[in-house]
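Undergrad: Sequence:
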Amino acid sequence: AKQRGNRSGLRPFKPGQSGNPKGRPPKVRCIPDILRKIGEEPGTRDGEHTKLNVVMRKVFEFALAGKAWAVEFIAERTEGKAIERIEQDGEWRITWTPLADTRRTQGSGGSTNAERDSE
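Its first residue numbered 1, the sequence shown is counted upward by one per residue in full-length UniProt numbering.
You may find that some hints are simply not true.
[Said to hold, decoys possible] Derived lysine-lysine pairs resembling BS3-like cross-links, with alpha carbons at most 25 Å apart: (1) Lys14 / Lys27; (2) Lys14 / Lys37; (3) Lys81 / Lys67; (4) Lys37 / Lys58; (5) Lys51 / Lys67; (6) Lys58 / Lys81.
Worth flagging that the hints you see were computed from the coordinates, not collected in a lab.
It should be emphasised that the depicted structure is a prediction, and the values quoted were computed from it without experimental measurement.
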């Protein structure tokens, strides 16, 4: 069997010795994680409110000023998105038009299903 590289001097780890002394690499943070962390930072000089709290208060100000997007934003996050309802008045009618039976049997020169049925 082929051996790659120099394998001389290799020994198993000693008892209690880790094969990965630095541990698992840190998790790459995604945008929502970063935004949450920033949102937790102090947003006022006195530190009484977080940045997220300041932003939400501003959204409320926009809603009170009549901005529809702000009203919708608040409603969706407090009540959930509205379920789209479809109403139907009257009767349902379904029209079915059969297609020509073009299915063939396996193999070349086979007969159609219609031809077999008439035999």
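Undergrad: Now look at each hint and say whether the structure bears it out.
TA: Here is how each hint holds up against the structure:
no., hint, in the structure
1, Lys14 / Lys27, "violated (29 Å)"
2, Lys14 / Lys37, "violated (41 Å)"
3, Lys81 / Lys67, "holds (18 Å)"
4, Lys37 / Lys58, "holds (19 Å)"
5, Lys51 / Lys67, "holds (21 Å)"
6, Lys58 / Lys81, "holds (21 Å)"
Going through the hint list in order, the structure does not satisfy hints 1 and 2.
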